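Please put together the full structure from these sequences, using the hints given.
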Amino acid sequence: MSTLLAVDGLDVTFDRHRVLADLSLHVQAGEILGIIGETGSGKTTLARAVVGLSPVRAGRITFEGTDLTALRGKARRAWRRAGQVQYVFQDPLRALDPQHTVARIVAEGLVVAGTLDRAAIDARVRAALAQVGLDQSLAARLPGQISGGQRQRVLLARAVALQPRLLLCDEPVSALDASNRNHVLRLLADLRDRSGVTVVVISHDLSSLAGIADRVAVLYGGRLVEQGPIGRVLSEPRHPYTALLTASAPSVRREHPIPARALRPAPDHRPVAAFGPDACSYASRCPFATQACVTAPSTAGSEWSVACHHADAWRSRLAVGAMSTRRTA
Amino acid sequence: MSAVLRVDNLHVSVGGGSGTSSAGAAAAREAVRDVSFTIGRGESVGLVGESGSGKTLTCRAVLGVLPPGVAVTGGGIHLGGGSSGADVELTGLDRRGWDAVRGNRLAAVFQDPASYLNPSLTVGRQLAEQLRLKRRLPRNQTRAAAVELLAAMGLRRATAVYDQYPHELSGGMLQRALIAIAVAGEPELLVADEATTALDAAVQAEVLDLLRQLREERGLALLLVSHDLAVVAEVCDRVAVFYAGEIVEQGPTADVIANPRHPYTEALLRVASLGDWRRRDLEVIPGRPPEPGAMPVGCRFAARCAHATDTCATPVALSTVDDRQVRCHRAATLELVGA
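Chain order of the listed sequences is U and R. Mapping to my numbering: the first sequence position 59 is 59, numbers consecutive. Mapping to my numbering: the second sequence position 164 is 164, numbers consecutive.
Hints are computed from structural coordinates only; laboratory data are not their basis. Bear in mind the structure is a predicted one, so any value in this text is a computation, not a measurement. Some hints here could point you the wrong way.
[Said to hold, decoys possible] Which stretches of chain U does chain R cover? Using the computed rule of at least three CB atoms under 8 Å from a CB of chain R, they are:
#, segment
1, 46-55
2, 185-196
3, 200-210
4, 231-239
[What the hints assert, rightly or not] To spell it out: a stretch of chain R is covered by chain U in this simulated footprint if at least three of its residues, at any positions, have a beta carbon under 8 Å from a beta carbon of chain U; those stretches are:
#, segment
5, 204-211
6, 262-272
Beta carbons: idealized from backbone N, C-alpha and C, even for Gly.
As structure tokens, this is what we get:
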């Protein structure tokens, strides 16, 4: 598999606040990569940096050899209009013009690109609606006249109409109920399988990623803390934060081997050291942090990597008795 | 166990006025039909279902905050009795009656905590106001009591939080502050309508733990509304599954999950998070629920049900088997798969 998108040493700063710190992540052609992390972890900023919407202070973003961070002026406009990378926004109600019909919304990127005539654009719009499983009768409706799940699919249709190589989906399913959520996720998996598009899905919901992603990247405080094959990372997390996330996910069956409270800092938790901007981003919240964590750990491993000084040791330091689960199935 | 809340054959309709005449009720669209459940002291009951299933309207009827044009058109909502206060029939209350109940005996938290606080007042002042009004604390005692309550909600540095404005707090901290405001009046029942839906997974788990703790320590009864069966499974003793305005199954949560008796419950379990990260199948429930106003005479789930037969076109009542209520003609014969 070849690398489609390479993010290397990315730094994004807003008002001296470092939102992304030395972040490196490669996306392979044809894969579905999930990105998880809490609000403020930098996952949206990362995706927006790829499409040129975040101010990049340092680092490189390369798409098949083209350095996107170096593009300026005409070259940058041409790159954007070509539509090879499409960003699917988080909130469909706010990302869709309430006064435009579904057909006009889906056609907009093609009209701006200016390479197709009206008939060809109409054909692409019909194809895009069909691809996302929307009935053609919805084409004349306004965003306010369709359901939430349908709006999410209109956003997706707008992106796939441009026949992109890479889809960046920001929280595509967080506002949907379980059945609709699975429906949209299946659609993303189908798109990848049928047209070979590479997909990056940002989510704070593990269960939505577990069903479709091949790999997962976990962000905390603007740094990549763990990345690897999704089934293995979620089943045997090597970073304490990934472990906390998997243990916190609600489930109809209680199967987590470690209860979430064993992975949270105690109510009277005091960090063992003053953790500055160069420290591990999770250190001040991590119950396993030591003096060593004042320096950011390097990322070890290639297929499955983790950035934690205590990746191999923290499990042995879990409090005795913490392993008993609160609820039995 | 004495019931804190008893909902009897509740009907809620959209449009068509107060529905006192049968003709008026027929013109209105019935959004909630024949819903009954009880919540005992310290017990937690979950209402689960997809959007439009009637779970939120039911809980809004309990709180007396139905949107304009939506009204209770039948049945009763009975609060209390026992040691905590007088019996009150909520459906007949006037404005003054509600003022005596809300915040004192019933309280609620919703999905978007930021929109329920005044952005120009500190969190502490808004909590102190409740303590003064609901618990009749004198002004010189409210600050200490508020800080203590914030700390009891698991907020670190509660003294600092008291003096912070809502925009300075994260979503999880705001929701804890709102829960503090809700329980300030020492209510018997807390209604949580999608209260953790917008929170990050780790924070959601902490807030669910807090709700569990409030039940254990204060004997607070909990009515939790969620579209996520997994969230209900984490917190609730009993669950009522809503579909198209009706309860289709009700019983002890663990039991319902292990051994569902209604095909819709089985379908919800298939799409819910199982906590099994290696599972790759993404199941969907095909079709859509019927539109209000175009409800079938028979079983409302029949059109989407894999087990439907001709009998399902005839009206189906809620039947009780052991500790379970099921609205399905075939409940006795179906072999359904649990989680």
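Going down the list of hints, with the structure as the test:
no., hint, result
1, 46-55, "violated (count 0)"
2, 185-196, "holds (count 3)"
3, 200-210, "holds (count 5)"
4, 231-239, "holds (count 3)"
5, 204-211, "holds (count 5)"
6, 262-272, "holds (count 5)"
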